[in-house]
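Model the placement of chains B, C and D on the given structure of chain A, informed by the hints.
Residue numbers (this note's numbering), protein chains in the order written: chain A, -15 to 151; chain B, -15 to 151; chain C, 55 to 136; chain D, 55 to 136.
Mixed in with the good hints, there may be bad ones.
Said to hold, decoys possible - With a straight-line cut-off of 27 Å between C-alpha atoms, the simulated DSSO-like cross-links for lysine-lysine are:
| hint | chain 1 | residue 1 | chain 2 | residue 2 |
| --- | --- | --- | --- | --- |
| 1 | B | K123 | C | K73 |
| 2 | C | K104 | B | K131 |
| 3 | C | K104 | C | K89 |
| 4 | A | K66 | D | K59 |
Claimed, not checked - If you want a taste of the chain A side facing chain D, the calculated C-beta under 8 Å gives, among others:
| hint | residue |
| --- | --- |
| 5 | P59 |
| 6 | Q86 |
| 7 | K123 |
| 8 | V141 |
What the hints assert, rightly or not - Far from chain B by the CB rule (all over 12 Å, computed), these chain C residues:
| hint | residue |
| --- | --- |
| 9 | H57 |
| 10 | T72 |
| 11 | L75 |
| 12 | L77 |
| 13 | E78 |
| 14 | D82 |
| 15 | G87 |
| 16 | S93 |
| 17 | A94 |
| 18 | R112 |
| 19 | E113 |
| 20 | I120 |
| 21 | P122 |
| 22 | E126 |
| 23 | G135 |
Simulated from the structure, these hints should not be mistaken for lab results. Ideal Cβ placement from N, Cα and C applies to all residues, glycine included.
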Amino acid sequence: MTFNMQHPNLPTIFSITEDEIDLNDLLAQITLASTGAAAIFTGMVRGETSRRGSTQANAGDEHQTEFLEYEAYIPMAEEKMKQVADEIRARWDAIEGIAIVQRIGKLYPKTPTVLIACTAAHRDTGVFEAARYGIDRLKEIVPIWKKEVSPSGEFWVEGEYVPKAGE
Amino acid sequence: MTFNMQHPNLPTIFSITEDEIDLNDLLAQITLASTGAAAIFTGMVRGETSRRGSTQANAGDEHQTEFLEYEAYIPMAEEKMKQVADEIRARWDAIEGIAIVQRIGKLYPKTPTVLIACTAAHRDTGVFEAARYGIDRLKEIVPIWKKEVSPSGEFWVEGEYVPKAGE
Amino acid sequence: MNHVKLLFFATIRERMGTKSLDLELPADLTIHGLKDRLSADYPKVKESLKSVLITINREYAFDEAIIPLNAEIGLFPPVSGG
Amino acid sequence: MNHVKLLFFATIRERMGTKSLDLELPADLTIHGLKDRLSADYPKVKESLKSVLITINREYAFDEAIIPLNAEIGLFPPVSGG
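Same shape as in the complex, but just chain A (with noise of 0.2 Å):
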């Protein structure tokens, strides 16, 4: 947890991690007396890729996955999660707490390996959408990458943005 200038009573917590995602404990640890709301995104690795509900694959991608293997420029990623909340809080004034979160190393599916929470008074106050940005931003930004090992190989996941200048 990190002390923040500009919210000195808010919780921020951004990590790197090769440890399993708690939620319940992320989730208390930005919870203040006045909560009463948590939006909390989690991404998992997916062991297997169908087109049921899947707007990206299609059908030549359906395969298995045994691993995801990932890897951060960690002092940066860092600096970059706290880039993103920060960017949360000035959108969304209402949020409180705010948890993000990137396991790395090998993992393999069904497993979380990330999480993004934001925390406010109310539902109604902008979690849904500051959690769904706050991991749009994340996979933007924030310098993590992952490489899929299948039976058929491995290869680099590839991102696509490029960042723009001071951002």
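For chains B, C and D alone, kept in the frame of chain A given last:
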């Protein structure tokens, strides 16, 4: 976990419980091999209502809460939770797993009281909207009530939604 | 006659002083008729009945509905869970 | 001369065969100049450098930026975390 005739392989959990809500466990139960994203909403008991970031509280509403006491019409509440899950699946067909949990009994500030979680292959499939819809509907049609106990006395929290025919 | 079970929750439970009541009702009584009878027999809940939600066998029901045999009838204020 | 530390990640790390490299660069060299030098010295990463993201002291930087003294420079493909 229930068996759903229309979605035989998709986990749907609904529960009214006096036990702690375990986010890690519930998330694991609704994560399939094809799941890559989860949106989770939790509501917590607010110990203090302040004006900051609240769209509902006015100056005169500021107060302390000692605890909330929840009760439910349990068998009907379970049926209505199933209905909420069915409504979610009818609106967002990419949803894989759904968990809807309400904790009842005497609950103290900062305690999670309710959870709605939806999983899907990807985050752009409606998981956030589905979780938001789930908590909105729970607060409309699932027969649960809460009484607030504070230093100044106790009072029932008033709902306002009147279900329509067939709802 | 129709044996029905009434279940009270929240404010209505408190005002009634009981969680449930077994009643004998005339066949083909409507929810409206039931409310009239409860208002007469339990004046302390008369006000509450104006904004009460009613369920028959765990589905929301309305004034004109005829109460089926052996129904389970819920009476409660608008819900406030979460 | 300017002592800088280069850090490579993901595909570029694999192609370079190393996580980091300490280099002596002329003063006032730009990122563009650094890319030219790396392309010449390490032909195996020449292709990667066309779409590389560059950071100077953990902030994204662009071709025209002049590399400050003792900079920590990151080189990596677009990010793909989550």
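Results of checking the hints against the structure:
At most 27 Å may separate the alpha-carbon atoms for a hinted pair to count; B/K123 and C/K73 meet this at roughly 22 Å. As the CA atoms of C/K104 and B/K131 are separated by approximately 21 Å, the hinted pair is consistent with the 27 Å bound. A distance of roughly 9 Å separates the Cα atoms of C/K104 and C/K89; the hinted pair therefore holds under the 27 Å criterion. Using a Cα cut-off of 27 Å, the hinted pair A/K66 and D/K59 holds, with the two alpha carbons roughly 24 Å apart.
Hint on A/P59 holds. Least Cβ distance to chain D is approximately 6 Å, under the 8 Å limit. Of the supplied interface hints, the one on A/Q86 holds, with its beta-carbon coming within about 6 Å of a beta-carbon of chain D, less than 8 Å. Hint status for A/K123 relative to chain D: holds, with the closest Cβ pair at about 5 Å, below 8 Å. With a least beta-carbon distance of about 4 Å to chain D, the hint placing A/V141 at the interface is held under the 8 Å criterion.
Distance to chain B confirms C/H57 as a non-interface residue, since its nearest Cβ pair spans about 19 Å, more than 12 Å. For C/T72, the requirement that its beta carbon stay farther than 12 Å from each beta carbon of chain B is met, with the minimum near 14 Å. With a cut of 12 Å on Cβ distances, C/L75 stays outside the contact zone with chain B, its closest approach being about 15 Å. Every C-beta of chain B lies more than 12 Å from that of C/L77, the closest at about 18 Å, which supports listing it as non-interface.
Every CB of chain B lies more than 12 Å from the CB of C/E78, the least distance being 23 Å, so the non-interface label holds. For C/D82, the requirement that its beta carbon stay farther than 12 Å from each beta carbon of chain B is met, with the minimum near 20 Å. With a least beta-carbon separation of about 18 Å from chain B, C/G87 lies farther than 12 Å from that chain, consistent with its non-interface assignment. Remark: the non-interface label on C/S93 is consistent with the geometry, its nearest Cβ contact in chain B lying 19 Å away (cut-off 12 Å).
The claim that C/A94 is not at the interface with chain B holds, since no C-beta of that chain comes within 12 Å of its own (minimum 24 Å). Annotated as non-interface, C/R112 brings its C-beta within 12 Å of a C-beta of chain B; the closest such distance is 4 Å. Not every C-beta of chain B lies more than 12 Å from that of C/E113, the closest at about 8 Å, which undercuts listing it as non-interface. Residue placement check: C/I120 keeps its beta carbon more than 12 Å from all beta carbons of chain B (closest about 14 Å).
At roughly 16 Å, the least C-beta separation between C/P122 and chain B is larger than 12 Å, which holds for a residue marked as non-interface. With a least CB separation of 9 Å from chain B, C/E126 falls inside the 12 Å interface cut-off, contrary to its annotation. With a least CB separation of 3 Å from chain B, C/G135 falls inside the 12 Å interface cut-off, contrary to its annotation.
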